[in-house]
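Q: Below are the chains, spelled out letter by letter.
4 protein chains.
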Amino acid sequence: MSPGPGTVETIARVREEVCALHAELTRYELVVWTAGNVSARVPGQDLMVIKPSGVSYQDLTPEQMVVTDLYGVPVAGNGDGAWGNPELSPSSDTAAHAYVYRHMPEVNGVVHTHSTYATAWAARGEAIPCVLTMMSDEFGGSIPVGPFALIGDDSIGHGIVETLKNSNSPAVLMQNHGPFTIGKDAKSAVKAAVMCEEVARTVHISRQLGEPVPIDQAHIDSLYARYQNVYGQ
Amino acid sequence: MSPGPGTVETIARVREEVCALHAELTRYELVVWTAGNVSARVPGQDLMVIKPSGVSYQDLTPEQMVVTDLYGVPVAGNGDGAWGNPELSPSSDTAAHAYVYRHMPEVNGVVHTHSTYATAWAARGEAIPCVLTMMSDEFGGSIPVGPFALIGDDSIGHGIVETLKNSNSPAVLMQNHGPFTIGKDAKSAVKAAVMCEEVARTVHISRQLGEPVPIDQAHIDSLYARYQNVYGQ
Amino acid sequence: MSPGPGTVETIARVREEVCALHAELTRYELVVWTAGNVSARVPGQDLMVIKPSGVSYQDLTPEQMVVTDLYGVPVAGNGDGAWGNPELSPSSDTAAHAYVYRHMPEVNGVVHTHSTYATAWAARGEAIPCVLTMMSDEFGGSIPVGPFALIGDDSIGHGIVETLKNSNSPAVLMQNHGPFTIGKDAKSAVKAAVMCEEVARTVHISRQLGEPVPIDQAHIDSLYARYQNVYGQ
Amino acid sequence: MSPGPGTVETIARVREEVCALHAELTRYELVVWTAGNVSARVPGQDLMVIKPSGVSYQDLTPEQMVVTDLYGVPVAGNGDGAWGNPELSPSSDTAAHAYVYRHMPEVNGVVHTHSTYATAWAARGEAIPCVLTMMSDEFGGSIPVGPFALIGDDSIGHGIVETLKNSNSPAVLMQNHGPFTIGKDAKSAVKAAVMCEEVARTVHISRQLGEPVPIDQAHIDSLYARYQNVYGQ
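Residue numbers (UniProt numbering), protein chains in the order written: chain A, 1 to 233; chain B, 1 to 233; chain C, 1 to 233; chain D, 1 to 233.
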């Protein structure tokens with residue numbers, strides 16, 4: 001497959017965006033070493049762009065971002081002048097990102113981290129209850145738990161999609177593993193990852209000394225509707 | 001409304017100050033993404049200056065700060081050369097700030113955050129007991145909880161004012177929501193936000209392993225009187 | 001009192017040192033806003049140098065450091081070219097530092113913070129048990145609690161000295177207040193403040209999930225003797 | 001002993017690497033003051049390179065790294081132009097590093113820290129259970145506890161080697177002391193130190209509010225085999 005001029009420019013732009021957004025993962029301390037990744041769908045193409053495997057965040061460059069099809073297979077041309085470095089493999093989590101893009105056409109960005117507090121809830125297999133107005137705004141209810149799944153096939157992707165399609169939440173806590181978040185674009189998925197860790201931490205700390213006060217479901221619905229629709233986030 | 005020359009200079013100064021103070025919120029990790037805001041009353045005017053909605057802290061410039069009346073309505077002229085950018089809306093929390101300025105004439109600065117430990121106490125609806133000398137100095141007693149209130153009308157502002165008018169504390173924990181702080185100027189309100197999180201965290205951690213030793217009310221009163229009056233903070 | 005040439009140079013050097021050491025308090029996040037201070041005795045003089053009151057850490061300059069006698073009274077000449085800024089008052093904790101210098105001639109540096117975990121133990125009035133080899137090295141046993149004391153006279157200084165004179169520890173947790181540390185020089189007192197918070201945090205976290213294993217007193221004594229004498233710290 | 005030209009170049013390269021890797025210890029906040037160290041075996045020589053004792057991380061230079069034999073004795077020549085600074089002693093933990101190199105020929109890098117959460121588990125003498133997929137990948141099971149051992153002879157080194165030779169884990173928690181990690185090179189040992197603290201923290205936090213869900217041993221084995229062999233880390 002040989003990209004036309006328009007595609008080349010689009011991919012270059014998506015690579016810039018995906019590369020730059022990893023700085024938010026380190027800014028908010030959601031990742032250590034190389035354990036987290038951002039991807040974005042290439043608009044109008046059956047392609048995605050994702051972090052390469054094993055590269056430290058401070059060393060990432062746009063050219064290193066890997067272009068794959070929606071089955072996670074790197075496309076021919078990654079190594080030429082237009083598409084980047086042939087020596088880098090896509091993130092080991094690529095299959096899960098790709099599954100989400102295949103099955104959720106409205107999703108254009110996916111983020112995976114092992115952020116500490118979200119992963120702590122995931123290790124107990126416990127959903128985060130919605131006891132904060134900020135959480136009502138962003139998540140519209142609790143943050144659900146997805147199944148335990150091994151890496152290597154579509155199990156993780158399937159677990160993400162099956163869990164999120166029944167929830168307002170753009171975040172799912174994969175059991176014993178960590179959070180995956182989705183968005184209408186990559187920046188929204190990164191924001192969801194940041195806010196997921198924030199509410200995971202705040203609700204955890206609140207519960208350490210007693211039970212948080214529940215929020216009425218009608219209030220949660222009202223806050224969510226306002227934030228998503230009226231307020232226009 | 002067309003501002004005279006003196007007002008233009010005053011507003012420019014307040015915008016600089018409000019913009020710069022947001023750096024203290026990130027320095028002390030009181031906020032993530034765009035979830036916190038500082039405002040200041042414009043001296044001698046029925047006007048206030050507040051953070052625009054949805055702008056990241058590292059991108060804030062003085063020109064982006066939004067001037068509103070004391071009902072939170074952006075004033076005509078925000079978009080001209082003197083008053084800034086017409087495309088930015090004021091923070092979604094503007095109505096609460098404005099209510100405080102209308103009902104507490106001695107207050108010239110307001111800060112809102114979702115800082116982690118203060119919000120954790122707020123989620124349980126539990127006041128922070130005064131068990132630290134530093135807390136006696138700054139807060140003169142416990143940090144009280146305000147009512148659960150939905151955004152969209154004056155409920156939040158009313159809850160803040162009704163709670164603070166019966167307390168020494170410049171900070172209130174709005175239930176399930178987070179802290180609001182006030183001050184004689186914006187810097188004092190920011191200091192109160194920083195100290196609120198500091199004592200929320202320290203008292204939380206202390207209580208994780210047992211009960212803190214109470215401080216006699218007479219000692220709290222003595223420390224508060226000295227710090228506020230003699231020491232001259 | 002007019003300082004001679006040698007004294008002027010010595011005081012300038014001590015001011016540089018005291019000013020620079022405050023950067024360690026912020027580096028290790030032991031302080032917020034202006035709530036912590038370092039002092040040093042001026043060698044060969046009945047004088048000390050201490051942080052001014054109410055100045056932010058990022059704004060500190062050597063010239064602002066205040067020279068006082070060992071009763072905490074600023075010396076004449078602070079405002080001239082040699083001795084600095086006449087408008088700044090010494091830290092509100094100066095009386096406690098001065099008391100220590102008067103009563104512990106071997107001490108040449110004192111540090112006070114409200115570092116989170118140490119203050120959390122102080123709020124419960126509970127000594128930190130010695131359950132770490134690092135703590136045996138540095139503190140030679142538990143970190144003791146000093147009495148509750150109000151600011152304004154010699155009560156705090158007296159409580160520090162009475163507690164430390166019966167302990168190997170260079171750190172004392174003043175009840176409901178926070179840690180004070182001492183050293184043979186100001187850098188050693190700063191190191192003690194850093195290590196005090198480190199062991200306060202680690203032992204706290206260890207105890208959250210059970211009881212730490214005690215270390216035999218003979219082993220504590222052996223580690224302390226080696227670190228202080230053989231190893232030469 | 002006088003090094004030949006090839007050895008001089010190799011040692012210079014190892015010194016650069018060991019010096020630079022200390023920046024990862026501070027980046028991930030695994031160390032305070034001077035309390036942690038990295039070493040590497042010199043390829044093809046019975047020599048190792050280790051941090052000097054008592055030097056702050058921000059002041060480290062490659063020339064300061066100390067070359068010792070595999071009994072921890074600084075080699076003649078550290079002070080000449082080729083081998084560095086004669087005034088610096090090797091880290092007080094050198095004997096433990098050296099013992100590991102003598103008894104584990106496949107190990108070429110060793111790291112020691114007192115990172116907070118790992119040390120908290122060590123203080124309770126409790127192994128970290130494997131309840132995270134990331135932990136299965138990196139550690140292949142639980143992170144074991146080694147014996148209490150005093151500094152000054154081979155007790156610490158012996159405890160490290162005896163514990164690690166029966167475990168998949170590249171990390172051991174020495175009781176009441178802290179973690180030591182090993183690797184096929186120094187960077188791998190640093191990665192193990194970073195990941196050890198990460199899983200120590202996440203599992204600790206998870207257990208604060210209940211019991212994490214166990215992972216089947218067959219799944220742990222499968223994840224470990226894939227990550228170490230197929231994935232090629």
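Calculated from the structure, these hints are not laboratory results. Hints may contain errors.
Per the computed footprint, the stretches of chain B lying under chain A, defined by three or more beta-carbons under 8 Å from a beta-carbon of chain A, are [said to hold, decoys possible]:
| hint | segment |
| --- | --- |
| 1 | 42–49 |
| 2 | 61–73 |
| 3 | 109–118 |
| 4 | 149–156 |
| 5 | 173–183 |
Which residues of chain D face chain C? A few of them, derived with a C-beta cut under 8 Å, are [stated by the list, open to error]:
| hint | residue |
| --- | --- |
| 6 | Val-32 |
| 7 | Ala-123 |
| 8 | Ile-151 |
| 9 | Asn-176 |
| 10 | Gln-208 |
| 11 | Glu-211 |
| 12 | Arg-226 |
Keep in mind it's a predicted model, so treat the numbers as computed, not measured. Cβ atoms here follow ideal geometry from the backbone N, Cα and C, with glycine treated the same way.
Q: Classify the hint on Glu-211(D) as holds or violated, based on whether any CB of chain C lies nearer than 8 Å to its CB.
A: 11 Å, violated
Q: With a cut-off of 8 Å, does the beta carbon of Arg-226(D) approach a beta carbon of chain C closely enough for the hint to hold?
A: Status violated, d = 31 Å.
Q: Three residues or more, CB to CB closer than 8 Å: is that satisfied between the segment 109–118 of chain B and chain A?
A: holds (count 3)
Q: Taking 8 Å as the limit, does the beta-carbon of Ala-123(D) come near enough to a beta-carbon in chain C?
A: 4 Å, holds
Q: Tell me if chain A covers the segment 173–183 of chain B under the three-residue, 8 Å CB rule, please?
A: holds (count 4)
Q: Is the interface hint for Val-32(D) satisfied, with its Cβ closer than 8 Å to some Cβ of chain C?
A: It holds, given that the least Cβ distance between Val-32(D) and chain C is near 5 Å, below 8 Å.
Q: Within the segment 61–73 of chain B, is the number of residues with a Cβ closer than 8 Å to a Cβ of chain A three or more?
A: violated (count 0)
Q: Is the interface hint satisfied for Asn-176(D)? The criterion is a beta-carbon contact with chain C at less than 8 Å.
A: 6 Å, holds
Q: Was the hint right that Ile-151(D) lines chain C, CB cutoff 8 Å?
A: With a minimum Cβ separation of about 7 Å from chain C (threshold 8 Å), the hint on Ile-151(D) holds.
Q: Let's test the interface hint: is any C-beta of chain C closer than 8 Å to that of Gln-208(D)?
A: 6 Å, holds
Q: Count the residues of the segment 42–49 of chain B with a beta-carbon closer than 8 Å to any beta-carbon of chain A: does the count reach three?
A: violated (count 0)
Q: Given that the segment 149–156 of chain B was listed as covered by chain A, double-check it with a C-beta distance under 8 Å for 3 or more residues.
A: Since three or more residues must qualify, the claim that chain A covers the segment 149–156 of chain B holds, with 3 doing so at under 8 Å.
Violated hints, listed in ascending order, are 1, 2, 11 and 12; each of the other numbered hints is respected by the structure.
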